[in-house]
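Visitor: As you go down the protein sequences, you meet chains A and B in turn. With the first letter of the first sequence counted as 1, position 268 gets the number 268 in full-length UniProt numbering; the numbers rise by one all the way through. With the first letter of the second sequence counted as 1, position 112 gets the number 112 in full-length UniProt numbering; the numbers rise by one all the way through.
Honestly, I wouldn't trust all of these hints.
As the list claims (entries may be wrong) - As a list, the in silico EDC-like pairs of lysine to aspartate or glutamate whose alpha-carbon atoms are at most 20 angstroms apart:
1. A/K208 with B/D127
2. A/K75 with A/D91
3. A/K270 with B/D142
4. A/K151 with A/E334
5. A/K445 with B/D60
6. A/K295 with B/D60
7. A/K270 with B/D127
8. A/K445 with B/D50
9. A/K295 with A/D169
10. A/K298 with A/E334
11. A/K208 with B/D142
12. A/K254 with A/D172
It should be emphasised that the hints constitute simulated quantities derived from the structure, not laboratory data.
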Amino acid sequence: MSTPPLGRRGFLQGALGIGALAATGSLAACAPGGTATQPSKLAAPSASTSAAKGEITIWNRSGDLFKVFDAAIAKFRAAYPNVKVNHQAVDIDAKLANTLISGTDVPDGSFWDDAKIGGQAEHLFDLTDLIAPYKDQTSPYKLSVNTVDGKIYGVPWDLDPGLLWYREDILDSAGVDPASLATYDDLITAARTVKEKDPETRPIHLEKTPFLSQLWLEMLAGQQGTSLTDAQGKLRLDSEEYRRIFTWIQTAVKDDLVTHAPYLEPADVKSLDDGRQVFVPWAIWWSFAPQQLLKATKGKWRAAPLPAWTPGGARSGAMGGSSFVIPAKAKNPELAWLLYEFLCFKEPGYTAVYGPNDVYPGGLSTSIPSYIPAADPAKPLFQPIEALGGQDLWKVAVEAGATIPAATPIPWWWAQSVDYLGNNMQRLMEGKMSPDQVISESAEKIQRNLIDRS
Amino acid sequence: MRSTRLSPYLFIAPFFVVFAAFGIYPLIYALQLSFMRWRGAGAARWVGVDNYLYLLTSPDFWASLGNSAVMWVLIVPLQVVAGLGGAVLLANARLRLRGFFRVAFIAPFVTPLVAMAQVWIVVFDQDYGLINYLLNLAGLPDVAWLTSTTWSKPTLALLFLWKTTGFAIIILLAGLQAVPGGVYEAAALDGASRARQFWSITVPLVRRSMAFLVVIQTLAVFQMFAEPYVVTQGGPYGSTTTAGLYLYNHITASDLGTGAANSFLLVLLVFGLSLVSVRLLRPKDEVS
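Only chain A is shown next, with the shape it has when bound in the complex (with noise of 0.2 angstroms):
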């Protein structure tokens, strides 16, 4: 007779004993999040432009701009030459925040969207020293979105400055002048007159989609100098700057003067080709609309500064956009920051990527930088614009863009927001709620839901 192996009872013993094991010990070393850490404040490299020698990997958004970023990464390799870069296209939206979070396989550096990055902080390194030599010649918006508790964490990229896009040929029929364009009480009466002259016409896009409409939101109360919470975090929608924007809103779909349609899907694109809109206003990306969807309005189309809010207010708001962060675990965090460096502030990396280039023959002109000296109105980096009638839009842009106050970091829960803020703008834009009902119900549940739960 064989020896029985383990009896059932030692068996089942040593099991529990193993188990119990993994729940205390194992565990109690993976404990989700651990300590808090404080972020790592990353220094000037110490090696010369020559000697500065090794790999980064970089990771960026795909498409087209992820072809000119290859273009502008291959100059920085001619300045740096003993510097490889790995450069890989990622659906940094899925994975960078995961990515960050694990600390496997961490780049060195991403491309992120400044709405992220106050949230992961905690997993960046603290660029103050670096960005220290270009701080008074960026951008206070974008250095404001980029600073936690004073520290900077994000390499500001581009600035979205917001704009009005409207059709010149109808404006030019129904007798308005586009300077006179001045605030936003003037951008009603001048549909009013479009209105009247063509009753078919719905003369402002009011977007459609709750995201975009909240970033959209956000963009007109940053031009009045504030956003959904101030630097310590604290909500601030009830006031008198959302009000306005929402009174205005209100006045404008009573009147009948508003296309509500989500942001160039067909039916926006059709009201827009057909005449039915003719003032939207929307960020410097609108410009893609007149050059790559819009057959039958291609070259109608114009921008100009934002309409202020009170008269002599800042023009213009920012919508969206980037900046590069460097991880707390890169590998070669060093390197990153000196291609960041390049790209961002030294004219030959700026200019590779708003310049004409293979992808973009008249250059990028869907963002511009944030970097001051590289936005300057008589050294356009993009060029004037066929489907905007040869406009200049750089100078336009970046004349709007250096009147944008500065913000503060962009919540965490921003996004998360839009299930209340966006929902109920809608529900706005649709005629079911006053701006007291939107102010009043979307504070309450997001206090309730994001900021007491932080």
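On the provided structure of chain A, position chain B as indicated by the hints.
Guide: Below, chain B without anything else, positioned relative to chain A:
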């Protein structure tokens, strides 16, 4: 001697090691996480049952469960009926083109869901979709299939039905083919009509398969994620934010503790629903 005693355990050890690493450990880790507040950065804070209490008192959490419950009502009963009909049809040896129909019914099930969801977006587009085009041809007005709170859930339910009814047919067909042919012959000799045979033989004898189908589809409906994620992103106004999507929203917002608590609440709910389904659909002989 000792090595002889241990060797069987060493042979089966790899499975247990892998299972412990990728099954047990993440489960315990997630359970621990559900009692903490952690956003992926900084120290995790022990909050006891706070995440559970938050969810159980959150109108959004209950709304997501309500959305899933409505989806269940729209999908599961209809799918059981349609699946049984399809299975009976395919089990009929005299059906012409039986092979073609089998492939046709199963094709949506093996087609990638995201691709089908994209097709749904195009077909049900309010302004340019095929369905509204056909409605217009018939003199009917446009319907906001994906952008109104009234129609968004039925439209997504239809996608789910289209995608998974082939699976239901397979399950019920397998159950149907296990019914001995002699039972039908005996019933026919006793003068039972086709309808009588269906209600008195087919339905009772495939009851176990139906119970299995209901449990599996209940699990699937309450975990439904890709359909609303791709087609409606949970909108309009959260009307298609299913329990699965609501859970995902916590995770993507790095609200990991709440997401973990949500997972366990969902597990409990689905477990309870499955038990109820099994009890309701178990054959009468088992009940006694």
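Visitor: If a hint holds in the structure, say so; if it does not, say that too.
Guide: Status of the hints after comparison with the structure:
Distance hint between A/K208 and B/D127 is fulfilled; the C-alpha atoms sit about 14 angstroms from each other, no more than 20 angstroms. Of the supplied pair hints, the one linking A/K75 and A/D91 is violated, its CA atoms being roughly 25 angstroms apart against a limit of 20 angstroms. Taking the CA atoms of A/K270 and B/D142, the gap is near 17 angstroms; set against the 20 angstroms cutoff, the hint holds. For the suggested pair A/K151 and A/E334, the alpha carbons sit about 18 angstroms apart, so the restraint of at most 20 angstroms is met.
Only pairs whose Cα atoms come within 20 angstroms are accepted, and A/K445 paired with B/D60 is accepted, the gap being roughly 10 angstroms. This hinted pair does not check out: A/K295 and B/D60 have alpha carbons roughly 43 angstroms apart, beyond 20 angstroms. A distance of roughly 10 angstroms separates the Cα atoms of A/K270 and B/D127; the hinted pair therefore holds under the 20 angstroms criterion. At most 20 angstroms may separate the alpha-carbon atoms for a hinted pair to count; A/K445 and B/D50 meet this at roughly 18 angstroms.
With a C-alpha separation of about 15 angstroms, the suggested pair A/K295 and A/D169 falls inside the 20 angstroms cut-off, and the hint holds. For the suggested pair A/K298 and A/E334, the alpha carbons sit about 45 angstroms apart, so the restraint of at most 20 angstroms is broken. Restraint check: the Cα-Cα separation between A/K208 and B/D142 comes to about 18 angstroms, which is no more than 20 angstroms; the hinted pair holds. For the hint linking A/K254 to A/D172, the alpha-carbon distance of about 25 angstroms lies beyond 20 angstroms, and the restraint is violated.
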